[in-house]
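Read top to bottom, the protein sequences are chains R and A.
Per our numbering, the first sequence runs over residues 1 to 187.
Per our numbering, the second sequence runs over residues 1 to 97.
For the record, the hints were derived by calculation from the structure and aren't laboratory data.
Please read these numbers as outputs of a predicted model, since none were measured by experiment.
Ideal placement from N, C-alpha and C gives every residue a C-beta, glycine not left out.
Hints should not be assumed to be uniformly reliable.
Pairs of lysine to any residue residues, derived as SDA-like cross-links and limited to a Cα-Cα distance of at most 20 Å, are as follows [as the list claims (entries may be wrong)]:
id: 1; chain 1: R; residue 1: Lys19; chain 2: A; residue 2: Leu4
id: 2; chain 1: A; residue 1: Lys33; chain 2: R; residue 2: Lys174
id: 3; chain 1: R; residue 1: Lys129; chain 2: R; residue 2: Glu81
id: 4; chain 1: R; residue 1: Lys178; chain 2: A; residue 2: Glu37
id: 5; chain 1: R; residue 1: Lys123; chain 2: R; residue 2: Leu134
id: 6; chain 1: R; residue 1: Lys174; chain 2: A; residue 2: Ala40
Okay, the calculated bits of chain R under chain A, using three or more residues with CB under 8 Å as the criterion [what the hints assert, rightly or not]:
id: 7; stretch: 16-27
id: 8; stretch: 31-41
id: 9; stretch: 69-75
id: 10; stretch: 91-97
id: 11; stretch: 115-127
id: 12; stretch: 145-157
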Amino acid sequence: MIEKELIFKLKIGEEPAFKVLVETYQDRVYSSVLNILQNTSEAEDAAQETFIQIYESINSFKGESTLATWIYRIAIRKALEKIRKKKNRERLHSILPWWMPIEERSLDAAYLNPGIKSEHKEKAKIILKAISELPNNQRVAFTLIRVQGMKHEEASEIMHLSIKAIESLLSRAKKNLKNKLKHYYKS
Amino acid sequence: MENLSNEQFEHEMNIISNLKEVSAPNFFYARLKAKMEKEAIDITNSYSLNPVIIICALTLFLFINSWLLQTDSNLKHTNLNQNIEALAVAYDQAISN
């Protein structure tokens, strides 16, 4: 099914078209949010919320970007929402521990992509933890480009930023990561 | 920063670079549909329990109640006045008789 036809069918509410959309993009969406969140259950939640949002707001899709870019944008927004909610929950938990228990799953061990070699797993955990401590924009830009291997142009479209802004975010992310990782390499 | 050169940094970053795409969990679509259906049911159910709706309903109930009480007391007051006037008229007539 070509993209225009798929969008048209989605706009008129055809259920099989939605199934085709989910099956086409589920791996890309899940993989992207998983790279940002580093937690499988949160990533599944975020991916599901992405498709629910797509289903509800497909009529607002004007075709100014490709469908894939639009979907990526929603997915990243959902992943960032998860991060924000998690931070708020943790903040509230530190103030009122008896009122706001931390969800068990947020204490899960960090997820590691199966592509990471076993001898590098310990180092990868430290690097991924350092990435997760970066400011959100730097974290997303670094993950999209370095971890997922996207081109700068693609990342700039998804993040609604110029290529220069993306390069600047990457360079600041590298600087911050070096700073964070130097403590590890000292020890 | 002098402890981590650019080359070393790039070398370390290669560990997590260009990672392969991970497949979504099994039955992703089925679970998504179940979640969408559950959310639709929750929205329908939560409509009647929405705090805004409850507060509005209570306010309306109180307003109607106070209006009814006010109307009732005005009615009683008018009736009482009429009764006194009727009594006065009857009494006046009785004296003159």
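Now the hints, each set against the structure:
Of the supplied pair hints, the one linking Lys19/R and Leu4/A is violated, its CA atoms being roughly 48 Å apart against a limit of 20 Å. The straight-line distance between the Cα atoms of Lys33/A and Lys174/R is roughly 40 Å, outside the 20 Å bound, and the hint therefore fails. Annotation: proposed proximity of Lys129/R to Glu81/R holds, straight-line Cα distance about 18 Å (limit 20 Å). Restraint check for Lys178/R and Glu37/A: not satisfied, since their Cα atoms lie roughly 46 Å apart, outside the 20 Å limit.
Between Lys123/R and Leu134/R the CA atoms are separated by roughly 17 Å; this keeps the pair inside 20 Å, and the hint holds. With a CA separation close to 44 Å, the supplied pair Lys174/R and Ala40/A exceeds the 20 Å bound. Counting residues of the stretch 16-27 of chain R whose beta-carbon sits less than 8 Å from any beta-carbon of chain A gives 5, enough to reach three: the coverage restraint holds. Counting residues of the stretch 31-41 of chain R whose CB lies closer than 8 Å to any CB of chain A gives 4, so the stated coverage by that chain holds, three being the minimum.
Coverage of the stretch 69-75 of chain R by chain A is violated in this model, with 0 residues showing a Cβ closer than 8 Å to a Cβ of that chain against a need of three. For the stretch 91-97 of chain R, the assignment as covered by chain A is violated, since 0 residues bring a beta-carbon within under 8 Å of that chain's beta-carbons and 3 are needed. Coverage of the stretch 115-127 of chain R by chain A holds in this model, with 7 residues showing a Cβ closer than 8 Å to a Cβ of that chain against a need of three. Check result for the stretch 145-157 of chain R against chain A: holds, 4 residues qualifying (beta carbon to beta carbon below 8 Å, three or more required).
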